[in-house]
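Chemist: Protein chains in written order, with numbering that gives the first Met the number 0: chain A, 0 to 182; chain B, 0 to 269.
In short, the hints are calculated from the structure, not lab data.
All of these numbers come straight from a predicted model, not from anything done at the bench.
Among the clues, some could well be false.
Unchecked claim - Now the in silico label distances, taken between C-beta atoms and shown as ranges:
id	chain 1	residue 1	chain 2	residue 2	range
1	B	Glu147	A	Leu89	45 to 51 angstroms
2	A	Ile1	B	Thr44	37 to 43 angstroms
3	B	Arg97	A	Val131	27 to 33 angstroms
4	A	Leu96	B	Ala242	55 to 61 angstroms
Glycine included, C-beta positions come from ideal geometry on N, C-alpha and C.
One-letter residues, chain by chain:
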Amino acid sequence: MIFFFVLLISMFLSLAVQTFIGPLPMIGARVLLMPIIMFYGSLALPTPGMLALCFCGGLMWDALHTQIVDGNVEIALGWSIMLYAVLGTLMSGFRPLFQRGRWEIHCLLSGVCTSVIVLAEYLMITFRREPVVFVFNKEIWWRIGGAGLIAMLLSPLFFFALNYLAFMVGYDPQPERRAKRAR
Amino acid sequence: MSRRIVIPSVIVFLALTTLILLLSPHNLRRVQAGFLGLISPFLHTGSNVEKKYRGFREGLKSIEQLEDENKRLLIANKEMSATNQTLRGLEAENNRLRKALGYQGRTEFTLLPARVISRDSSTWYNQIMIDRGSHDHITDDMPVLNEEGLVGKTTVVSAHSSLVVLIADETCGVAAHAEGSREQGIVRGERTHNGGGIPTVGFNFLSKLANLKPGQSVYTSGTGGVFPPGVLVGQVKDFKVGALDSYATIVPAVDLTTLEDVFVVVGHSK
């Protein structure tokens, strides 16, 4: 329970921090820190915790980013919650492997899922804006892929730091690894 | 994990999500304003730290550099004051003449200075957050500009901060006209900006005979009532004629990527 709140506060702070990091020059991709923590939470927490984290993460994300112009809501508040829950469930499927102490595939997956979030956002605004024009040039692909690539590179660092935080508050996200070491 | 825990948690999750998805735009604004109020103290602190760091780096200049800069700024300030005085006189004269002709006098607007406390972290939107909110009498759809030209307009307003959608965003449309011609159109942001470079905006719905030239200035026309007339939007970069109308690409007068201080047009004072 304590670790859930630690993750929630970390997500909130990372959302504030990432607003100060501008897009990367030349490729225009953003550094998205909050999804990395949320995906880590999907691995470290059991299903109810994962769902609660996805709910809070999606709500915070949409509350900060949903655009209302001239009274029109472009993307409804709450769509990110659904998307995060789907991706969180996908990550959660790899939880047994994570509990055994493996993290490599999870870091890769965290990057892929971050790209999926950016792609889904792009598709949503494309469908909502008129005329519906699918622009898929190099810049768009870089923004989508670049965000995932950055998340993939940062994930090991975040996973390590969050594992340490879990240890500090007395939560063990990888119990099988510890048991194996004890043997 | 036991199904007795997982199934109820999934049901609660779906119920809460459905509730959120069904929120009306009015309630959505309230949720957003509430969250902005929650996060803005952190953004204020972050912005102050960033400013102090920048100030420290700039403070490392030599005395000669500072003296030179001070001299330049004093001259620029005097020039601006003189120009401002002349323009105020012309504005008053213009209003008198409009009144004499039976036209409604143009209103002078009051500017409220605001500081940018964060730039948007999402990939597809062009927004900034400023440190002024409803406590400073800011409401939705108020124009935002700086000394160089038009910046955007306010969207979500909380007590002490507001979101501003920039003119480089696809959702922000501005009625504008080109200098030295009677051409009017809509300035709207573009989704891609050629590799994250200087954002450009499109000037749409121009007549095929518009024939705009690169470098020509584009100003707000005041149509629509949100933006005051005569604010510089940018300069024409290129001009293309289409099948039914023509289109120009504009480089905004304001560097939207490095904004620090802006002004909100809070009201009209006659």
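Chemist: Hint by hint, note whether the structure agrees.
Modeler: Verification of the supplied hints:
1. B:Glu147 with A:Leu89: 45 to 51 angstroms: 47 angstroms, holds
2. A:Ile1 with B:Thr44: 37 to 43 angstroms: Given about 25 angstroms between the Cβ atoms, the range is violated.
3. B:Arg97 with A:Val131: 27 to 33 angstroms: 44 angstroms, violated
4. A:Leu96 with B:Ala242: 55 to 61 angstroms: Holds - the Cβ-Cβ distance for A:Leu96 and B:Ala242, about 57 angstroms, lies within 55 to 61 angstroms.
The structure fails to meet hints 2 and 3 from the earlier list, while all remaining hints are met.
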